[in-house]
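K.L.:
Chain residues, written in single-letter form:
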Amino acid sequence: MTAPLLEISGIEAGYGNGPSILEDAGLTVENEKIHCIIGPNGAGKSTLLKSICGMLKIRKGEVVFKGKRLNGMRPDQIIALGIAFVPQERALFPKMTVRENLRMGGYRMRDKNELERRVGEVMERFPILGEREKQHAGNLSGGQQQTLAMARTLISKPEIVMLDEPSLGLAPKIVSEMFSIVKMMAEGGITVLLVEQNARIGLQYADRGAVLDLGRTIFEGPAAEILEDPRIKRLYLGGGKAERKPL
Amino acid sequence: MTDILQVLILGIALGGVYALMGSGLSLVFGVMRIVNLAHPILIIGGAYVAYWAFRLWGADPLATLPLAALILSATGILLYKLVFEKDAKSAKYSEMTVLLTFSVAMIAEGALGSAFTNTQRVTSPDYATDAIFIGDLFIPTGQVYAGAVSLAIIAALALFLKFSRFGYAIRATTQNREAAELMGVNVNFVGVVSFAIGVGLAGAAGSLISFVFSFFPGKHWEWIAVLMSLVVLGGMGSVLGTVVAAFALSVIAAFVGAWIGSTWSTMTFFLALFVILLVRPQGLFGERPELA
Ligand SMILES: Nc1ncnc2c1ncn2[C@@H]1O[C@H](COP(=O)(O)OP(=O)(O)O)[C@@H](O)[C@H]1O
Ligand SMILES: [Mg+2]
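For the record, the sequence lines run as chains D and Y. Quick note on numbering: our numbering labels position 244 of the first sequence as 244, and the sequence is numbered without any gaps. Remember, our numbering sits 1000 above the position in the second sequence when you count from 1.
None of these hints come from the bench; they were simulated from the model. One thing to keep in mind: the hints can contain errors.
What the hints assert, rightly or not - Looking from chain Y toward chain D, a few residues come up when the C-beta cut is under 8 Å (computed):
| # | residue |
| --- | --- |
| 1 | 1168 |
| 2 | 1176 |
| 3 | 1178 |
| 4 | 1179 |
| 5 | 1183 |
| 6 | 1185 |
| 7 | 1186 |
| 8 | 1219 |
For each residue, glycine too, the CB sits at the ideal point set by N, CA and C.
Chain Y on its own, in the form it takes in the complex:
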């Protein structure tokens, strides 16, 4: 019984982090129909911000999280201006962005690798090695913090989307771009800002994973499949769907890891992606069967 509870708690805490990683990706896809394969390497970019702040100044990754989010947002805007703006009107836009973001991911991986080497890194604030004991339950403090902060950020995002004027514009553009324009929404501006928010969320997620997992530039390949499985299961572009999918898959992966073996834990996401695409390509909450 304790075992089950233990695994469940870890699954939920990590689920929060996955949800944060996936929500930025989902937001960008929803508004701009960009499948951003560079999202995971941008998360790793955020992790490096946390890492250097920790190494140079001993700064707590939780304290430098806003800085990582901000730096990555700015990177996002730059990326958008350089790479996506020109093609936004092209008919082959969706297909193009897959190739474009793929090459951005490769270039960024190469750049990070040559700047910071491919050594495994991790930040180690005190809480990263602490644990809370409740009875027989062993709960690593770092994962709980990461999960809780992720949930707080997601909650803030959800409130912003639901109640703010700009949130209305984002949701409207996601649901019906042409109609949003006819309500007077400047959809290009909404696109840039959403991209900046999405990549900013990647930066925030990077700060959190810096003390939960060890990372190096090449690690993003593993994340791509993990995040894709969340976004596809969640119904492509539905932020809420992505969050639910993240918790579901993370808990399943935690049990697979505990009962079958930790190598199979990551496989859960890959297998899920494959099965969802075959069985229910519209995901849990999506209505449209098309993927792009």
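Extracted from the complex, chain D is given alone in its bound form:
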């Protein structure tokens, strides 16, 4: 087996001078696979993704991407290494047009012609974005905004794309569209690290999964195994709405 693409080991992190939200979070992300992190609300899933890309300070442990230690680097430096992140809020520029948002996806690129070519390519692949290229991102529907945010990551041809709850607030039909984009990314050779509240669906698309609770990684393994594990099933995948029960 080759070395993992991204290795997070025993990290502790929190916001500002506040308490540690992550206590002992770890994760091994392998090349060209879809990974899904599940866990109850407030477990620290979003916090983990933010720590990976330098948006908050890691107090202990380390994040290593392709042999390079990311601790202490700024987000713009980490992004430049080939990591893209679509946070829960989608991180669009509401008063920029769809085309301008896509251009921002290639902000680090120096070759303007190549950038325009890739923007054109993405708009062809996602016709809904092409049709709306002159509209402000703030005026798009939720599904279109998520599509734009995900499509925008493709511009810079990253090695790993991290998606925080891409299905949040979307109708079921749109959710499956989002997952088909995830699949398409993986088929194109991109490693996807996904956080999903909708644990069952997320794991069905994933190769590997991890369970995070109270800031700790409590299980990591093949997604199919997580789906079958009776204890995880009972605690984290329970049927219907009343999902959350204390440990």
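Chain D is already provided as a structure; the job is to place chain Y with the ligands on it using the hints.
P.N.:
Relative to the frame of chain D, chain Y with the ligands by itself:
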């Protein structure tokens, strides 16, 4: 009819100057969430550059405008490094910067006052006392020049923001700082450069007002309320909004001045600020109701 046209033209010419004064303030607020109360005293700093260049070398304030912009930009960078950089990460940042810029304004006023006294100054290139007559219309050349140069600078700024790579970074940081970082923008660097541009624009505006208004260090108090009204009406941080607000308020103030009395002309801005804050705190173009 001529009267109305006359007042309108003056209002528009001054509106251009106000727009330039406000756009730097707006840019800095948009990118860094700094309400820079020292912006007006920095404008007066620019006016002093023009004044001394004129007095010592007889230099045209329009010719020394780039020099004033450059000197003030450098001052801006220094100010940023000394005053703002440390606090950029603090949670109370916005509140802090109001107090910080306020004290910077006071210190700068004191320093300029002791260096150059509080005598009213003005530069007087030939065109400052000229006028163009079209029929019955009387148009002071100085104000037309100042308005036209302001508009040219604002147009250049707008093109820069809209089309250059760095302009994209500035707009992105203004709209969503975190997202800009995730696109690979070094937002701290964008902050310093925007601050330098904003204060440079203050320097440029200072050169222009040096022959349109008389000035002395204490004058900046009057400008603070005027500029705040522009920036708030324009929607805090929207450069375009500030420009539109500047023209609107300037034209209204010109008519108030002509029909009611010149003391009421400045009051227009203060009253507008008050009314906007009560009625539509997000301004003309803003969407967020929060002010800082
Ligand atoms: N910006 C923030 N500042 C302070 N605390 C935060 C912030 N964002 C999240 N938290 C806290 O961190 C904990 C984990 O949140 P989060 O990572 O968003 O959980 P999840 O994504 O698993 O639902 C929660 O207790 C939340 O209150
Ligand atoms: Mg979350």
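K.L.:
It remains to establish, for every hint, whether it holds in the given structure.
P.N.:
Going down the list of hints, with the structure as the test:
1. For residue 1168 of chain Y, the interface hint holds, the least distance from its beta-carbon to any beta-carbon of chain D being 6 Å, beneath 8 Å.
2. Satisfaction of the interface hint for residue 1176 of chain Y is found here, the shortest Cβ-Cβ separation to chain D being roughly 6 Å, below the 8 Å cut-off.
3. Annotation: interface hint on residue 1178 of chain Y holds; nearest CB of chain D at approximately 6 Å, less than 8 Å.
4. A least Cβ separation of about 3 Å between residue 1179 of chain Y and chain D falls short of the 8 Å threshold, and the interface hint therefore holds.
5. Interface hint status for residue 1183 of chain Y: upheld, as the beta-carbon distance to the closest one in chain D is roughly 5 Å, under 8 Å.
6. Nearest Cβ of chain D to the Cβ of residue 1185 of chain Y: about 6 Å, under the 8 Å cut. The hint holds.
7. Taking 8 Å as the C-beta cut-off, the interface hint given for residue 1186 of chain Y holds, the closest approach to chain D being about 5 Å.
8. Interface hint at residue 1219 of chain Y: violated, since its Cβ lies 35 Å from the closest Cβ of chain D, which is beyond the 8 Å cut-off.
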